[in-house]
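Engineer: Below are the chains, spelled out letter by letter.
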Amino acid sequence: MINQAAAMQWSRIGSRKTFGTVLANLAESHPELMVLAADVASSSGLVEFSQTYPAQFLNVGIAEQNMIGVAAGLANEGYKVFAVSFAPFASMRCYEMIRTYLGYMNLDVTVVGIASGFSMGVCGNTHFGLEEFSLMRSIPNMKILSPADCSETAKLTEELLSCHGPAYLRLTGIEGNPVVYKEEYELTIGKAIPHRSGGDLAFLATGTMVYEAVRAAKVLDKEGISAAVYDVHTIKPLDQELIYALNRQHTPIVTVEEHMLSGGLGSAVADVLMACQSPVRLLKLGIPEEFLKAGDYRYMLNQCGLNPRAIAAAVKEADLVC
Amino acid sequence: MGKKTEAELQAMARKIRKTILEMTYHAGAAGAHVGGALSCADLLAVLYGEVMRIDAKNPSAEHRDRFILSKGHSSVGHYAALYAAGFLVDEDIQAFESNGGAFPAHSVKNVDRGIELSSGSLGLGLSFGIGSALAARKKGLDYKVYVLLGNGECNEGSVWEAVMLASQLKLSQLYMIIDDNKQQLDGMSETILRMPDLCGTLRSIGFEACCVNGHSIGELLHAFTESGKQDKPVAIVMNTMKGKGVSFMENNPMWHHAHLKKEEYEQAMEEIGKDD
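These protein sequences, in sequence, are chains A and B.
End of the first sequence = 321 in numbering that gives the first Met the number 0, gap-free, step of one.
End of the second sequence = 275 in numbering that gives the first Met the number 0, gap-free, step of one.
Quick caveat, the hints were computed from the structure, so don't treat them as lab data.
Any given hint could turn out to be false.
DEER-style ranges, computed between Cβ atoms [unchecked claim]:
1) A:Cys122 - B:Gly186: 58 to 68 angstroms
2) A:Val46 - B:Arg202: 31 to 41 angstroms
3) A:Ile61 - B:Asp54: 54 to 64 angstroms
4) B:Leu140 - A:Leu25: 23 to 33 angstroms
5) B:Arg136 - A:Ile61: 54 to 64 angstroms
6) A:Thr125 - B:Met163: 15 to 25 angstroms
7) A:Cys162 - B:Ala60: 38 to 48 angstroms
Which stretches of chain A does chain B cover? Using the computed rule of at least three CB atoms under 8 angstroms from a CB of chain B, they are [claimed, not checked]:
8) 57-63
9) 72-78
10) 95-105
Only part of the chain B face toward chain A is listed, based on derived beta-carbon distances under 10 angstroms [to be verified]:
11) Glu61
12) Gly128
13) Ile129
14) Ala161
15) Leu184
16) Met187
17) Asn250
The beta-carbon is built from N, C-alpha and C at its ideal position, and this holds for glycine as well.
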């Protein structure tokens with residue numbers, strides 16, 4: 000249950016530890032739940048879970064490929080499995096296993112990429128998770144979920160227990176994750192959530208960038224530009240109806256993501272728009288296709304123009320509003 | 000165990016080999032992975048004819064033993080075994096590698112027809128088998144999980160990730176069977192990537208491991224009868240010959256994947272011998 004106190008507590012521990020904390024609350028009522036971790040129990044808030052529900056937890060060691068195969072075997076016997084590792088290793092080291100064993104056989108496994116995006120900024124490019132949308136979009140049957148904050152992490156984690164088929168849950172942000180949701184709200188996988196109305200343009204933001212987009216919209220307000228903001232928590236299946244509706248209303252779209260520009264949310268939105276007869280203008284904001292110099296979380300975002308002032312400036316420079 | 004004689008299982012192995020050759024021949028120019036299928040035909044006869052607790056009339060029974068084909072390139076052999084065991088019918092065999100058909104060169108999961116997983120990507124079946132064996136332990140079920148790997152497949156690092164975990168978990172319901180026919184796609188394994196002594200290595204990692212002649216029905220039966228009594232996963236390393244049973248295919252890497260001409264098909268069928 001989301002309330003102000005829970006939201007603040009989760010925010011303090013960050014999305015990855017929120018994930019483990021929430022699962023510990025769900026284990027007893029979901030005996031079909033199994034959690035596999037590739038030596039990341041302590042990094043994903045799963046220590047309490049592993050101690051309280053040892054029969055529902057397995058640490059496979061630093062072996063992500065095997066983790067996906069074991070997860071598939073368990074799911075094939077009726078279990079709902081969460082398989083957890085740091086984002087680049089959870090997604091790329093075992094990508095072919097995810098595609099073949101989870102996608103091809105449509106099994107109930109959620110791969111959880113913790114500390115994604117630039118969360119581990121000083122660790123450098125080996126530890127950045129910047130490609131998962133692109134990778135997972137091309138696997139049939141796969142859902143891709145990208146919560147805006149820790150409250151939404153909690154909500155999506157619970158939601159996934161009643162979903163069928165494979166999913167990728169991408170957890171971004173650091174401890175002290177800004178709060179977007181302070182109270183209970185309705186969430187449907189595949190339907191973006193409107194946060195703010197505005198007639199001149201619409202931000203379609205995902206993950207940590209929802210909060211940044213809301214702040215960017217406030218900056219633009221002062222410039223006389225009225226921007227709507229949507230939380231696109233589901234990258235796949237994408238909320239195509241929303242994009243069609245914005246197109247019908249001739250509302251320019253700005254996508255914002257802590258993810259590589261190639262193949263991410265912006266590309267997914269472009270795919271939908273290009274099927275329209277007269278597509279509206281689209282500005283894609285995200286991470287350029289290069290290996291960046293390492294630095295702390297805020298430094299990395301700033302390098303890529305992913306802060307409210309830079310986002311607002313990019314919108315103005317693109318001259319989207321007629 | 001103990002219902003079928005060795006002679007009956009040898010006859011079943013001949014039937015499996017003949018079905019493999021028929022499917023390969025009728026696949027035409029597309030061909031099939033015939034060499035590695037023939038090298039595991041005797042094992043398949045022993046598993047499907049005697050060892051496994053399976054029922055073609057109740058293929059999804061929760062207590063059934065699971066057969067996981069990790070070396071998916073031998074799907075043609077698996078189809079032939081499923082045909083001999085009554086899971087597949089004539090039409091299925093004729094549909095092998097047909098456009099849009101249910102039985103392509105690498106099998107697609109279809110539990111109702113005895114196929115537990117989609118195969119073709121090497122190095123993953125043992126992990127899947129661990130999940131299946133772990134589920135059995137959690138549910139208190141006594142089914143066994145038989146995973147068939149190839150020697151070439153053991154080049155894959157993921158196999159060894161799985162080996163270590165199976166040992167860690169002491170999964171005594173898990174059987175890792177390696178069809179060590181000494182060859183792989185590019186030729187003799189020893190010249191490509193020399194593997195360690197598989198039996199000794201697996202034993203040192205914590206498996207109950209033995210090495211058998213994979214073309215001896217008696218040795219195979221003995222291995223299954225005598226193993227599985229320790230608190231460890233079981234490894235059975237089969238010393239086999241690629242293309243076994245057809246003189247011009249035996250130990251010839253050319254027959255890893257190939258098509259059969261009419262004369263070759265007729266000679267091969269004659270060499271396998273008459274049905275009993």
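Engineer: Indicate, hint by hint, whether the structure satisfies it.
Structural biologist: Here is what the structure says about each hint:
Distance hint for A:Cys122 and B:Gly186: a CB-CB separation of about 43 angstroms, inconsistent with the stated range 58 to 68 angstroms. At roughly 34 angstroms, the beta-carbon separation of A:Val46 and B:Arg202 lies within the given 31 to 41 angstroms, and the hint holds. Between A:Ile61 and B:Asp54 the beta carbon distance is about 41 angstroms. The supplied range of 54 to 64 angstroms is therefore violated. Hint check: B:Leu140 to A:Leu25, Cβ distance near 25 angstroms, so the stated range 23 to 33 angstroms holds.
For the pair B:Arg136 and A:Ile61, the supplied restraint of 54 to 64 angstroms is violated, since their beta-carbon distance comes to about 24 angstroms. A hinted range of 15 to 25 angstroms for the beta carbons of A:Thr125 and B:Met163 is consistent with their spacing of about 24 angstroms. For the pair A:Cys162 and B:Ala60, the beta carbons lie near 27 angstroms from each other, so the given range of 38 to 48 angstroms is not met. Look at the stretch 57-63 of chain A against chain B: 4 of its residues bring a Cβ nearer than 8 angstroms to a Cβ of that chain, three or more, so the hint holds.
Taking a C-beta to C-beta cut-off of 8 angstroms, the stretch 72-78 of chain A contributes 7 residues in contact with chain B, enough for the three needed, and the coverage statement holds. Judged by the Cβ-Cβ criterion of 8 angstroms, the stretch 95-105 of chain A is covered by chain B as claimed, because 6 of its residues qualify and three suffice. Taking 10 angstroms as the C-beta contact cut-off toward chain A, the hint placing B:Glu61 at the interface holds, the least distance being around 9 angstroms. For B:Gly128, the suggested interface contact is upheld, since its CB lies about 6 angstroms from the closest CB of chain A, less than 10 angstroms.
Taking 10 angstroms as the C-beta contact cut-off toward chain A, the hint placing B:Ile129 at the interface holds, the least distance being around 5 angstroms. Because the closest C-beta pair between B:Ala161 and chain A is about 5 angstroms apart, less than 10 angstroms, the hint holds. Hint status for B:Leu184: violated, given a least beta-carbon distance of 18 angstroms to chain A, over 10 angstroms. Restraint check, B:Met187 versus chain A: the minimum CB separation of about 27 angstroms is more than 10 angstroms; hint violated.
Violation of the interface hint for B:Asn250 is found here, the shortest Cβ-Cβ separation to chain A being roughly 31 angstroms, above the 10 angstroms cut-off.
The structure fails to meet hints 1, 3, 5, 7, 15, 16 and 17 from the earlier list, while all remaining hints are met.
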